[in-house]
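Got two chains here, separate frames each, mind docking them using the hints?
Protein chains in written order, with this note's numbering: chain A, 1 to 344; chain B, 1001 to 1252.
Hints in this document: simulated from the structure, not taken from any laboratory. Idealized CB from N, CA, C, for every residue including glycine. It is possible that some hints are incorrect.
So the derived label-pair ranges between C-beta atoms look like this [as the list claims (entries may be wrong)]:
no.	chain 1	residue 1	chain 2	residue 2	range
1	B	Met1139	A	Leu151	42 to 48 angstroms
2	B	Asp1129	A	Leu189	50 to 56 angstroms
3	A	Leu154	B	Gly1073	44 to 50 angstroms
4	A	Leu154	B	Gln1144	36 to 42 angstroms
5	B	Glu1018	A	Trp333	54 to 60 angstroms
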Amino acid sequence: MDLQIALLLGQDGITNGAIYALLALALVLVFAVTRVIFIPQGEFVAFGALTLAGLQAGRLPGTIWLLLALGTAIALVEGSRALRDRNFRRLPMILLVNCGVPLLLAGTLFALSPASLPLPVQVLLALMLVVPLGPMIYRLAYQPIAEASVLALLIVSVAVHVTLIGLGLLFFGAEGSRTLSFTDISFELGDILVQGQTLLVVVASLMLIVALYFFFERTIYGKALRATAMNRTGARLMGISGSLAGMLSFTLAAAIGALSGILISPITTIYYDSGFLIGLKGFVGAIIGGLASYPVAAAGAILVGLLESFSSFWASAFKEVIVFTSIIPVLVWRSLKTRHVEEE
Amino acid sequence: MSGLAAAGERVVVLEVSELSVSYGKIEALHGLALKVHRGEIVTVIGPNGAGKTTLLCALMGLLPAGGEIVYLGERQGPGRSVERLVRQGMTLVPEKRELFAEMSVEDNLLLGAFDRYRAGHRDHLETMDQVFDVFPRLMERRQQLAGTLSGGERQMLAMGRALMAKPRLLLLDEPSLGLAPLIIREIFRTVAELRKTGVAILLVEQNARAALHVADYGYVLETGELSLEGPSRDLASDPRVIESYLGLGGRN
Chain A
1 MDLQIALLLG QDGITNGAIY ALLALALVLV FAVTRVIFIP QGEFVAFGAL TLAGLQAGRL
61 PGTIWLLLAL GTAIALVEGS RALRDRNFRR LPMILLVNCG VPLLLAGTLF ALSPASLPLP
121 VQVLLALMLV VPLGPMIYRL AYQPIAEASV LALLIVSVAV HVTLIGLGLL FFGAEGSRTL
181 SFTDISFELG DILVQGQTLL VVVASLMLIV ALYFFFERTI YGKALRATAM NRTGARLMGI
241 SGSLAGMLSF TLAAAIGALS GILISPITTI YYDSGFLIGL KGFVGAIIGG LASYPVAAAG
301 AILVGLLESF SSFWASAFKE VIVFTSIIPV LVWRSLKTRH VEEE
Chain B
1001 MSGLAAAGER VVVLEVSELS VSYGKIEALH GLALKVHRGE IVTVIGPNGA GKTTLLCALM
1061 GLLPAGGEIV YLGERQGPGR SVERLVRQGM TLVPEKRELF AEMSVEDNLL LGAFDRYRAG
1121 HRDHLETMDQ VFDVFPRLME RRQQLAGTLS GGERQMLAMG RALMAKPRLL LLDEPSLGLA
1181 PLIIREIFRT VAELRKTGVA ILLVEQNARA ALHVADYGYV LETGELSLEG PSRDLASDPR
1241 VIESYLGLGG RN
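This is chain B alone, in the form it adopts within the complex (with noise of 0.2 angstroms):
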């Protein structure tokens, strides 16, 4: 894995602007601007139903959208598509994980290298190791069928399958959705791991807190409008956050 990417220089991976994606007439996110850069930790935090998964959807080429957006300095056209973007390195880790339930633990991971593999890299046996050391607990599992792990162990079976591919824009949607406390921290400190990998990672969250300690910047994702955008250590102390997303009870 290499180093950190020098601190001067820093490469814009993923600049959207004018984002707006609608379901039929009704507009689900409007005017969006983000920019995520390699080796950086962005998040979009905000209520349910403000458009977060949209977004992810729409940047991922699963959802149609109007706009600009530029992946690795190129300007997506109209031949825009999942597959494309798997290619060159976008890979998406979904709300609802999608991993292959009756497949072994093994298999999912293996097919996460699976355009890899057809684009004629034989390396994913390494890069399954790579994964092994960043999740031990999947190594214990590997032969087991993905639909019998636990609900901590299928979003780590998840982010192995997206490291599989090895992204260079990781988009993590909801990791912490219906996890223990303590999975979260762990799953977390993984996040935070693996921006020295190189990989830039949009994270988009309803916990803010853990999602706000983990990330170098963030937006506030309101009905669909970003409202808020800071370093994370300046949102984490504005009142407007703290007041609608933090409150009071700590829960780290």
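Isolated chain A (complex conformation) (with noise of 0.2 angstroms):
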């Protein structure tokens, strides 16, 4: 190996890594809210490119039909439970949120071709139609348990995630696709070629990451998902519901996953069952970072890309073997540092 393969090598795992880390994140934001350990991300990363993909091929994403029959679903919960509490000022609003948007977006697809529409435009219409499937899963599948064990809740996300790729397989096919450059501009640095493509992963998941930064340290909202994390009890007692901070927490997991996936789509070929391994290469920054610390499962995915990259090189049929074995000693490191703490 010689400097510039190294370099090369660098910038691939660097660029991976990236959106790892913004994966790792979200994982433990998750986590850490909701004590949902959250298998399906990685389906967001896949919904996100394949929907903008299908957009872009002039195909309606599948993922509208999921977005009406579970915002249908949620109607009717909320609705008969409003009957029952016979808090009929409430319905409309249920009927136009749950039903009235995903028939607007709906018809906005109908109506316009979205295979002409600029660029960022394709991309918006691409996240408004994947990041509400996060609080939608949410309200459906956790809400109802989510006093429940971390163990009942890891079994509803398994479940979760297989019906995700089902539904990835009937919505998408099985051809893997890729979508249009964001830009097409490449350039010299040294001795090695830097795509325009790859630089705009690492910018915009280094943005993100500053604006989830913000999010928590400044916003009341944000600050509220900080405190439910902390104390159930105390945020409870301040008006911040489970369910809300449940809610937010999901929308933030949906988004991140949905936008890793159309950054990386243009330089990688998604498959409606892609996302699964991305996902899990977040999780083991997540892990690295104990599921708790937010900069250290966000250098730990960084290093999971570098650790990926370069054993592709060295050693590419075990790549993937080498990457998930790598949680092996910081699981032992883990185990021996921390006393085991009883579960409430």
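As structure tokens, this is what we get:
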């Protein structure tokens, strides 16, 4: 290996690592706030990428049907609860938010031809289709058992993951897709050729991380999420309900996932099940941070990206093995370092 | 802050009757009835394990309860929840304080106004200044992490955070717990001063002497039932209360 190859691998590793870092942050956030180990995180990457690809190919993305179905299901659940509590005033709002908005979105897709729209509008449409799935899945799958054990929540996560993979195959087919490049610029930096798209991934990831930092440190909703992670009862007594915090964290996680997918789909071909492996590598990063520390999780995820790209050079057949085995020393070190605390 | 409610007009904030709470088959509270008026401090005293904390948790909606609870003239139905009660101005300062330990004093206070902020009020900075007037110590410590505060300061922060919600009914669970006598006196003086703001206070205490000293009306809770009630001055001179809860040696 010479320096040039090392630089290329490093560039590759950092690009992927930036995406893993975003996913790791989302996983830590969701776990800290709701105690859910969010295995379907990766599916949002695939859904984001493939929905955008579908829009660009002039197809109607299947995501819209899922959005309509989940919206209807929530409207039924919430509506029957409102009827039982004789709270009729809430009904119009429930219908508008859960059925009206998805219908409006579907109407927009039918009326416009998304393939001819400018790229930023396509991205926006894709986000509007994918991001609401996050809080909707929380509402239907997790909120009814929000007080259950971490293990029960994990089992639900596995179920949601398998369902989304299946739906992904149904919606997008077995073929992979790439989306159009955001930029075709490329330039020489020293010895290596840097693609504009690669740089965009890193810069956008960094900007997102900074934005998340500001959200958590400067806004009252961000602080409310941190408060819920620290002390659930205390937060509840302030009127920060578990469902509000859950919806908010799942919205963020879905947005981070979908954006990650949209960012990498011009440089990697994404299949309906690609998200799982990508999400799992973010998960390794999150584990390095103990599912608790944001900076360590992000750093760990970048390490995972580098480890992956270098091992693909030296032992490409064992690439995934090396990445996932790296979790073992981390776990050993963690279990030696921390005392076991009984779960409440 | 508004002045004292006119002496003649006694607005009932909370009225409870036949309240019962069970943990499975064990009944922790049975047939309780109590009333709290606007601008009034009502105390519930009683020994450890009598069900005092259970009472407050049930009122706040943290525990399911039987019987009738009328809050601000509205009978609490099946849709009762902590979040809804918070929106209607009921605030609990729990026994364990439940602060956000890794956040600054200022952020803890800010989150006290979370629900008001969410409801569209943007007066949290003014309210915070008022809280700093009540607890100047919090002003000095505003950048410090809540987890690093002393016991007295934590209690002040828990109460300050509750005041950020501009409550109409403040439920205080053992504010004296684990505090030094001098701090207890300071906390209770603050509680007495809060009465002027018109807030109704339900104070649950094991420290009967301090609680009866500050309260207008008192109840004695023993093994899940109210055994005595009356204006706190009468209770403080009641031989049964003196024997069981006040003892001979004066603490304050």
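Hint check:
no.: 1; hint: Met1139/B - Leu151/A: 42 to 48 angstroms; result: holds, 45 angstroms
no.: 2; hint: Asp1129/B - Leu189/A: 50 to 56 angstroms; result: holds, 53 angstroms
no.: 3; hint: Leu154/A - Gly1073/B: 44 to 50 angstroms; result: holds, 46 angstroms
no.: 4; hint: Leu154/A - Gln1144/B: 36 to 42 angstroms; result: holds, 37 angstroms
no.: 5; hint: Glu1018/B - Trp333/A: 54 to 60 angstroms; result: holds, 58 angstroms
No hint from the list above goes unmet by this structure.
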